[in-house]
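Colleague: All chains, please: the whole structure from these sequences, using the hints.
Protein chains: 2
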Amino acid sequence: MSKKIKPVILVTNDDGITSPGIRALVEEMRHLGRVVVVAPDSPQSGMGHAITIDDPLRMEKVELFEDVESYQCTGTPVDCVKLAVDKIIKGKPDLCVSGINHGSNSSINVIYSGTMSAAMEASIEGINAIGFSFLNYGYEADLALCRKVARQVATEVLKNGLPKNVLINVNIPNVSLSHYKGIKICRQAVAKWEEEFNERIDPRGKKYYWLTGKFVNYDHGEDTDEWALSHGFASIVPVQFDLTAHHAIPFLNNNFKLNEESK
Amino acid sequence: MSKKIKPVILVTNDDGITSPGIRALVEEMRHLGRVVVVAPDSPQSGMGHAITIDDPLRMEKVELFEDVESYQCTGTPVDCVKLAVDKIIKGKPDLCVSGINHGSNSSINVIYSGTMSAAMEASIEGINAIGFSFLNYGYEADLALCRKVARQVATEVLKNGLPKNVLINVNIPNVSLSHYKGIKICRQAVAKWEEEFNERIDPRGKKYYWLTGKFVNYDHGEDTDEWALSHGFASIVPVQFDLTAHHAIPFLNNNFKLNEESK
Chain A
1 MSKKIKPVIL VTNDDGITSP GIRALVEEMR HLGRVVVVAP DSPQSGMGHA
51 ITIDDPLRME KVELFEDVES YQCTGTPVDC VKLAVDKIIK GKPDLCVSGI
101 NHGSNSSINV IYSGTMSAAM EASIEGINAI GFSFLNYGYE ADLALCRKVA
151 RQVATEVLKN GLPKNVLINV NIPNVSLSHY KGIKICRQAV AKWEEEFNER
201 IDPRGKKYYW LTGKFVNYDH GEDTDEWALS HGFASIVPVQ FDLTAHHAIP
251 FLNNNFKLNE ESK
Chain B
1 MSKKIKPVIL VTNDDGITSP GIRALVEEMR HLGRVVVVAP DSPQSGMGHA
51 ITIDDPLRME KVELFEDVES YQCTGTPVDC VKLAVDKIIK GKPDLCVSGI
101 NHGSNSSINV IYSGTMSAAM EASIEGINAI GFSFLNYGYE ADLALCRKVA
151 RQVATEVLKN GLPKNVLINV NIPNVSLSHY KGIKICRQAV AKWEEEFNER
201 IDPRGKKYYW LTGKFVNYDH GEDTDEWALS HGFASIVPVQ FDLTAHHAIP
251 FLNNNFKLNE ESK
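Chains as they are written, first to last, in the numbering used here: chain A, 1 to 263; chain B, 1 to 263.
Take these hints with a grain of salt, some might be off.
Below, in silico cross-link-like pairs of lysine to any residue (SDA-like), each with a Cα-Cα straight-line distance of 25 Å or less [unchecked claim]:
1. K164(A) - G232(B)
2. K61(B) - G205(A)
3. K207(A) - K92(B)
4. K207(B) - D55(A)
5. K164(A) - H247(B)
6. K87(A) - E195(B)
7. K90(B) - K61(A)
8. K61(A) - K257(B)
9. K164(A) - K207(B)
10. K257(B) - N165(A)
11. K90(B) - K257(A)
12. K207(A) - D55(B)
13. K257(A) - G232(B)
Read the hints as simulated data drawn from the structure, not as lab findings. All of these numbers come straight from a predicted model, not from anything done at the bench.
Modeller: Put into structure tokens, the structure is as follows:
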């Protein structure tokens, strides 16, 4: 019995199961293990860590990827991970990869990202998890660099594992292979979206709004994901779901008068 | 000119603008400043940090709270905060409060919570922000303790501010005023939901699933929000949106072989 058991790799995303990004990811992961796909049946971008509580979920087996067990689901990316673990794999896969997202999930975008939420959900469930995102929105974009980075990073995670309760956020710059500099371990840059709503009037005379905005990076550090990406590197940020701001606990204990009257 | 300018307090939630929780919060905040309400027109629970990208948003002025400028919005809690800042207040309020949520947002629930995401969005925009949640789902529940805690905590935040890029997550235990022990500053407990999907067959013979689950606390620490809440305390957890797992950076740098071939 010298045959090695292949690792089980769950693939999901938030652009939907028909996007070029998930296809590229499935094809690369097939070299590394037995792939199972559970992904949304339609685009879910901007869904954050949404879960479906008030509606029933549907899940359907589909034949989209040669020799790969695949399901499309009516829910969010987080629902897909939960369903995959509970109903399809019936246990923990060795790795969960989410993406490749068509568009950046660097710095503060991690908060709004369905791609990263799927990976985070897997991590909460004790599964090594990676989110991949490409700094190019176009469905026609060349994914060659993304494929290379995804396979390389997934190989390292399968080999080394990840620290407990840590997942990784991988972003890939929009550069040609010849301008690509390599991969950098980074921290999340301090950045935000400055919103401007585009106000319009509908044919019946009523106002409506489109969310638009400008991404602003306030962070001049050279150890951030934004710096790496703008200098031709792919970025890896280790991400945690313990959101406690431990450094703020003494401030609150020292300044807030909370229990005087309740003694 | 001895008249003090009242602080501006933005109130939002994820249960929708007609829930008893937001009414209680509006009534308490009116004692502390000029209140503006921008909240979803329907329940948004489990929406995480979702934003509305692919649909236009509607916002309508409503008369629900006496002498309080109020709007209902078709979007998510995060959309409400963005719209309030950009279109209604046209600048930063002095405080943003979200809730009072009908149901717990302690420990890992912070990740799935629309209530906390609204507060987090405000904090990303540089506004002091608080999420309030009550460990009782019932719309008929007595909110007296919630009111007391909300007013007390909001008063302290208006007086002392919060550390930069930190918001607070306040959960209120489901106990009578006489069993209430006070307020504790805590860290987020290590806990998760163990999913079980309830599988059913629809009238046309097709499978569908309801998300259900059991909350499991793995954390025996006495400094956690779960400990506080189960011992009759309200919990305050300071929360950050820099998700970088800084402690994992050396592990990745030491173990991952990422750049050998790209040199």
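Colleague: Look at each hint and say if it fits the structure.
Modeller: Here's how the hints hold up against the structure:
Proposed proximity of K164(A) and G232(B) is contradicted: the alpha carbons are some 31 Å apart, above 25 Å. Simply put, K61(B) and G205(A) have alpha-carbon atoms about 16 Å apart, close enough for the 25 Å limit, and the pair holds. For the hint pairing K207(A) with K92(B), the CA-to-CA distance comes to about 23 Å; that is within 25 Å, so the pair holds. Taking the CA atoms of K207(B) and D55(A), the gap is near 14 Å; set against the 25 Å cutoff, the hint holds.
Note on K164(A) and H247(B): the hinted pairing holds, with a Cα-Cα distance of about 11 Å set against a maximum of 25 Å. The hinted pair formed by K87(A) and E195(B) meets the criterion: a straight-line CA distance of about 10 Å does not exceed 25 Å. Proposed proximity of K90(B) and K61(A) is contradicted: the alpha carbons are some 48 Å apart, above 25 Å. As the CA atoms of K61(A) and K257(B) are separated by approximately 37 Å, the hinted pair breaks the 25 Å bound.
The hinted pair formed by K164(A) and K207(B) fails the criterion: a straight-line CA distance of about 35 Å is larger than 25 Å. Between K257(B) and N165(A), the direct Cα distance comes to roughly 21 Å. Compliance with the 25 Å bound is thereby established for this hinted pair. Distance restraint check for K90(B) and K257(A): the Cα-Cα separation of roughly 32 Å exceeds the 25 Å cut-off, and the hinted pair is therefore not satisfied. Using a Cα cut-off of 25 Å, the hinted pair K207(A) and D55(B) holds, with the two alpha carbons roughly 14 Å apart.
With a C-alpha separation of about 18 Å, the suggested pairing of K257(A) with G232(B) holds against the 25 Å cut-off.
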